[in-house]
Amino acid sequence: MPFWLLKSEPDVFGYPDLVRVGREPWNGVRNYTARNFLRQMAVGDLCLFYHSNAKPTGIAGVARVAREAYPDNLQADRASAYHDPKAPADGSRWSMVDVEPVLAFPRVLPLDEIRSLPEWHASPLTQKGSRLSVMPVTGEEFRVALAAVGLDADSL
DNA sequence: GCCAACGTTGGC
DNA sequence: GCCAACGTTGGC
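Following UniProt numbering, the numbering of the first sequence begins with 1 at its first residue and continues without gaps.
A hint or two may mislead.
[To be verified] With a straight-line cut-off of 30 Å between C-alpha atoms, the simulated BS3-like cross-links for lysine-lysine are:
no.: 1; residue 1: Lys55; residue 2: Lys128
no.: 2; residue 1: Lys7; residue 2: Lys55
no.: 3; residue 1: Lys7; residue 2: Lys86
no.: 4; residue 1: Lys7; residue 2: Lys128
Just so you know, the hints here were simulated from the structure itself, not pulled from any lab data. In this text the structure is predicted, and so the values were computed from the model without any measurement.
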């Protein structure tokens, strides 16, 4: 069972927003590496929801993939900041998935604490200069991240 | 195909 | 607000 990590700026869309809306299209990803990971996701996969550009930055909760990859609706939306004039009309360039909330962390697990976990040392998240906004997470990374805030991954 | 310039991300 | 690191673009 694969696990993932999704970055979002909470000033734009944070974990509490996901809880409020119940389900959200994860659109606006405009990086090919991140897009390819979106396309590998399956319904039911669990995702760590990471707050970037925030105080504090860190993992705020767990989400679940509710729909596998389909064409990103904003690539053809000329009014959107995510509009892509080079995107073909069939919507094949950029993809999105739908996600839904599973569990809010009792506290945000901050990046410096994630870095202190040995299991996370190989993750792109903890590498200097990494800007990848969608990345795979190992079962071990997932487990220890939840354990760090007192949650049991096996109970999900 | 190379690579300099540019725009963006995201931690601090 | 700063700026290092990164991905993309476009001239050649």
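Legend entry - 30 Å limit on alpha-carbon distance, applied to hinted pair lysine 7 and lysine 86: At roughly 25 Å apart (the allowed maximum being 30 Å), lysine 86 and lysine 7 satisfy the hint.
Inset, instruction - Assess, step by step, whether the Cα of lysine 7 is no farther than 30 Å from the Cα of lysine 55, and give holds or violated. - result: holds (14 Å)
Inset, instruction - Below or equal to 30 Å on CA atoms is what counts here, so check lysine 7 against lysine 128. - result: holds (16 Å)
Inset, instruction - For the pair supplied as a hint, lysine 55 and lysine 128, confirm whether the alpha-carbon distance does not exceed 30 Å. - result: holds (19 Å)
Hint check: no violations occur; every hint is consistent with the structure.
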